[in-house]
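Residue numbers (this note's numbering), protein chains in the order written: chain H, 1 to 388; chain G, 1 to 388.
What the hints contain is simulated information worked out from the structure, not anything from laboratory work. One thing to keep in mind: the hints can contain errors.
What the hints assert, rightly or not - Listed below are the simulated DSS-like cross-link pairs for lysine-lysine, each with C-alpha atoms no more than 25 Å apart in a straight line:
no.: 1; chain 1: G; residue 1: 152; chain 2: H; residue 2: 188
no.: 2; chain 1: H; residue 1: 124; chain 2: H; residue 2: 100
no.: 3; chain 1: H; residue 1: 306; chain 2: G; residue 2: 177
no.: 4; chain 1: G; residue 1: 137; chain 2: H; residue 2: 84
no.: 5; chain 1: H; residue 1: 183; chain 2: G; residue 2: 159
no.: 6; chain 1: H; residue 1: 159; chain 2: G; residue 2: 188
no.: 7; chain 1: H; residue 1: 137; chain 2: G; residue 2: 84
Unchecked claim - To be clear about the criterion: a stretch of chain G counts as covered by chain H if any three or more of its residues have a C-beta under 8 Å from a C-beta of chain H, and this derived list gives those stretches:
no.: 8; stretch: 44-53
no.: 9; stretch: 137-149
no.: 10; stretch: 198-204
no.: 11; stretch: 277-290
no.: 12; stretch: 317-329
Since the structure is predicted, the reported quantities are computational estimates derived from the model, not experimental observations. Each residue gets a CB set at the ideal place from its N, CA and C atoms; glycine is no exception.
Number of protein chains: 2
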Amino acid sequence: MLPADQSTPNYEYIVDQLDKRNADAYVHIGDNQDQLLWYLTQFNGPDRDYAFVLTNTETTLCAPALFSEQAEREFPGDTVTTTKNNNRASAAQRSITVLKNTNEISRVLIPDSTSYWVYSELEKAGYTTVTTSNIEKMKMQKSPAEIENIRKTELIAQKAMQYAETILANATILEDKLIWKCKPLTTKRLRREINVKLARNGANDAGNTVIGAGESCADLHFNGEDNIRPDETVLIDLGPRGPSGYFGDITRTFVPGSPPEWEQDVYATVQKALQAGLEQLNDAPSITGSDVHTKIVEVIEANGYKTGDVDVGLYHGTGHGVGTSLHEPPFFSRDTVLEPGHVVTIEPGIYDPDRGGVRLEDLVLITKDGAENLVDYPCSSMPCERSI
Amino acid sequence: MLPADQSTPNYEYIVDQLDKRNADAYVHIGDNQDQLLWYLTQFNGPDRDYAFVLTNTETTLCAPALFSEQAEREFPGDTVTTTKNNNRASAAQRSITVLKNTNEISRVLIPDSTSYWVYSELEKAGYTTVTTSNIEKMKMQKSPAEIENIRKTELIAQKAMQYAETILANATILEDKLIWKCKPLTTKRLRREINVKLARNGANDAGNTVIGAGESCADLHFNGEDNIRPDETVLIDLGPRGPSGYFGDITRTFVPGSPPEWEQDVYATVQKALQAGLEQLNDAPSITGSDVHTKIVEVIEANGYKTGDVDVGLYHGTGHGVGTSLHEPPFFSRDTVLEPGHVVTIEPGIYDPDRGGVRLEDLVLITKDGAENLVDYPCSSMPCERSI
Numbered sequence: 001m002l003p004a005d006q007s008t009p010n011y012e013y014i015v016d017q018l019d020k021r022n023a024d025a026y027v028h029i030g031d032n033q034d035q036l037l038w039y040l041t042q043f044n045g046p047d048r049d050y051a052f053v054l055t056n057t058e059t060t061l062c063a064p065a066l067f068s069e070q071a072e073r074e075f076p077g078d079t080v081t082t083t084k085n086n087n088r089a090s091a092a093q094r095s096i097t098v099l100k101n102t103n104e105i106s107r108v109l110i111p112d113s114t115s116y117w118v119y120s121e122l123e124k125a126g127y128t129t130v131t132t133s134n135i136e137k138m139k140m141q142k143s144p145a146e147i148e149n150i151r152k153t154e155l156i157a158q159k160a161m162q163y164a165e166t167i168l169a170n171a172t173i174l175e176d177k178l179i180w181k182c183k184p185l186t187t188k189r190l191r192r193e194i195n196v197k198l199a200r201n202g203a204n205d206a207g208n209t210v211i212g213a214g215e216s217c218a219d220l221h222f223n224g225e226d227n228i229r230p231d232e233t234v235l236i237d238l239g240p241r242g243p244s245g246y247f248g249d250i251t252r253t254f255v256p257g258s259p260p261e262w263e264q265d266v267y268a269t270v271q272k273a274l275q276a277g278l279e280q281l282n283d284a285p286s287i288t289g290s291d292v293h294t295k296i297v298e299v300i301e302a303n304g305y306k307t308g309d310v311d312v313g314l315y316h317g318t319g320h321g322v323g324t325s326l327h328e329p330p331f332f333s334r335d336t337v338l339e340p341g342h343v344v345t346i347e348p349g350i351y352d353p354d355r356g357g358v359r360l361e362d363l364v365l366i367t368k369d370g371a372e373n374l375v376d377y378p379c380s381s382m383p384c385e386r387s388i
Numbered sequence: 001m002l003p004a005d006q007s008t009p010n011y012e013y014i015v016d017q018l019d020k021r022n023a024d025a026y027v028h029i030g031d032n033q034d035q036l037l038w039y040l041t042q043f044n045g046p047d048r049d050y051a052f053v054l055t056n057t058e059t060t061l062c063a064p065a066l067f068s069e070q071a072e073r074e075f076p077g078d079t080v081t082t083t084k085n086n087n088r089a090s091a092a093q094r095s096i097t098v099l100k101n102t103n104e105i106s107r108v109l110i111p112d113s114t115s116y117w118v119y120s121e122l123e124k125a126g127y128t129t130v131t132t133s134n135i136e137k138m139k140m141q142k143s144p145a146e147i148e149n150i151r152k153t154e155l156i157a158q159k160a161m162q163y164a165e166t167i168l169a170n171a172t173i174l175e176d177k178l179i180w181k182c183k184p185l186t187t188k189r190l191r192r193e194i195n196v197k198l199a200r201n202g203a204n205d206a207g208n209t210v211i212g213a214g215e216s217c218a219d220l221h222f223n224g225e226d227n228i229r230p231d232e233t234v235l236i237d238l239g240p241r242g243p244s245g246y247f248g249d250i251t252r253t254f255v256p257g258s259p260p261e262w263e264q265d266v267y268a269t270v271q272k273a274l275q276a277g278l279e280q281l282n283d284a285p286s287i288t289g290s291d292v293h294t295k296i297v298e299v300i301e302a303n304g305y306k307t308g309d310v311d312v313g314l315y316h317g318t319g320h321g322v323g324t325s326l327h328e329p330p331f332f333s334r335d336t337v338l339e340p341g342h343v344v345t346i347e348p349g350i351y352d353p354d355r356g357g358v359r360l361e362d363l364v365l366i367t368k369d370g371a372e373n374l375v376d377y378p379c380s381s382m383p384c385e386r387s388i
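Build the full structure now, drawing on both the sequences and the hints.
Right under this line is the structure:
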């Protein structure tokens, strides 16, 4: 599905990790659900295990023979070696053969997400394993080609948002319901329209089209069916995977009809918090994700809302990295310094399970002298018929 | 995204596995990419770890608090317990707390796909772990509600196939290209049309829309762009995930223009092989998947084509189970007896990397006195404008 149009992954990062942990090779075995493995190999492999092996001398993809042409076409590393069978036993055995054919390998670094089964195979083959949770961090620093991929997916997400907003703007209000094309507009119908628009542009919704209406906005990952009613919030959070394999992420909230006082006030507060977060990012690259989160929390509390472990207010993190995964480091909950080439969301929100909720989310590239917003989409509670 | 509209998973199967392995509890930790965990919990959780725990007294879902409403709504088991944080440390700790609160737990069964990290946490907490690769097999036996889910997804897949075939039928031939809506028809354009149709019907292409044209038909998972040319095979293999979370699977091959001799002969042979496989299934439930594979191989070899580890001929397996995963047990490569309630593909194919390839695939429910084809879609090399 995904063309390998980003630059070669920064394998030097893994070599550094080997040095730090006094290991001689890195072995990563997983299937096509493993987004870090996809990043490492750029191989659109099967839904059964295949392997990536890095030694000081070369990088190898151990792919099933049925996928050999594709593996050769996609893998940017040194060598593709194929296994007759398309299963995990082949993947593990083939990676062990690569290790055996390389001199002086005794300690092998594996991600701590490695399956127990693979770990046992390596140990049985005589290797000492050391585990790491650090490899995922190599994805934080995006190359210009990767940034371009994210930018393109974010544009597709914005087009889908524009279509959804236009539907809301064109819907008519009949008593307590929104009517669109002669039928009540539900979160399910709107989700389907959005997913069609994403598919039309070559993106996959990846199960990440979240739409809440009224109370269900407070259920952060609502994926059910709800009538969309006037004077209540409609929260639309899109996290599609683009044709390049890179994700985008954007959230807007609308109030068809006339926003009541609470909805108006919450909207204004969340918008201020987003603005404050964006301004704070202009101080990058000398700040951390948790600095941004703290700033957002300050604004929300200053406006009279609670944050943290609460039932009403802001009860989630406000930012994360986006790349070959929808959620990846850096996370704003940690003290990772934001550096040029990081791509992160800013997503303040305020919720009340009895009334609804507002979240606004932009996607931002950290640059050497501040930040560039990859989203060019207005925040307005009143849905408009837009063209972008 | 997915309503929990199948019946409760057969937890008794796991209890039996505990007995067999002399274990006191089963712990399964994974994220929303783990289709077995989804089956066990029916919970559309986050892309970070959560846990399922089964003891002799109850089944528990340990979900992050941010997802608590959704977890309560979706989990068909006994108890939902929530963790403050949305991360794997919380999931592991919470599952250990459930174990600690249950009397007489010392040996814990874990799937061997369990991450090394989770395994270590359980061992550190004082439990002995035993691993299994058997749990996936509990999915083989489908309930009536599950069969209905698969049937619905397969119908969506057939609608998308019908649309794709109609596009091919309506395309005009201009020199060596197919032209549709004034532009050359490529595998990429056709894939996009299919994915839009799937989205319109609430299904996700799940990255499984494979289209080959000419030579690329022999590349079994071709996902790139190729011109679709007259007198060459166009192979369309769809494996979407329906709104219920269950997959479908269908393949058809067409030859726009006039099939040359090789293409005609291969098409006829593959169609005979499919027919023979379907007839063999009528002897179910007293046969194995490998019986069916052997029968298909016989037909293909009797017609002068090679099979097995070859460059030209049939070089892949010819059947697998379909359910909450696109590929799950039973696999025709093994001697698993086909039983009523199994849903399996039959997919013979013949390929020549210099000329193209033909694959035809139906999806079949094993019944107590034979088999029911869940596909009602003709096999015809000439694309027609169809309505289904």
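Status of each hint after checking the structure:
Pair hint residue 152(G) plus residue 188(H) holds up; C-alpha atoms about 17 Å apart against a cutoff of 25 Å. The suggested pairing of residue 124(H) with residue 100(H) holds, with an alpha-carbon distance near 13 Å, which does not exceed 25 Å. Between residue 306(H) and residue 177(G) the CA atoms are separated by roughly 63 Å; this puts the pair beyond 25 Å, and the hint is violated. With a C-alpha separation of about 24 Å, the suggested pair residue 137(G) and residue 84(H) falls inside the 25 Å cut-off, and the hint holds.
A threshold of 25 Å between alpha carbons decides the hint, and for residue 183(H) with residue 159(G) the separation of about 24 Å falls inside it, so the pair holds. Restraint check for residue 159(H) and residue 188(G): satisfied, since their Cα atoms lie roughly 20 Å apart, inside the 25 Å limit. Between residue 137(H) and residue 84(G) the alpha-carbon distance is near 24 Å, which keeps this suggested pair within the 25 Å criterion. Residues of the stretch 44-53 of chain G with a Cβ under 8 Å from some Cβ of chain H number 4, which satisfies the need for three, so the listed coverage holds.
For the stretch 137-149 of chain G, the stated coverage by chain H is not satisfied: 0 residues place a CB nearer than 8 Å to a CB of that chain, which falls below the threshold of 3. By the rule of at least three residues with a Cβ nearer than 8 Å to a Cβ of chain H, the coverage given for the stretch 198-204 of chain G holds, with 5 such residues. Against chain H, the stretch 277-290 of chain G contributes 0 residues with a C-beta closer than 8 Å to a partner C-beta. That does not satisfy the three-residue criterion, and the hint is violated. As drawn, the stretch 317-329 of chain G meets chain H at 3 residues by the rule of a beta-carbon pair under 8 Å; at three or more, the given contact holds.
In summary, the numbered hints that this structure violates are 3, 9 and 11.
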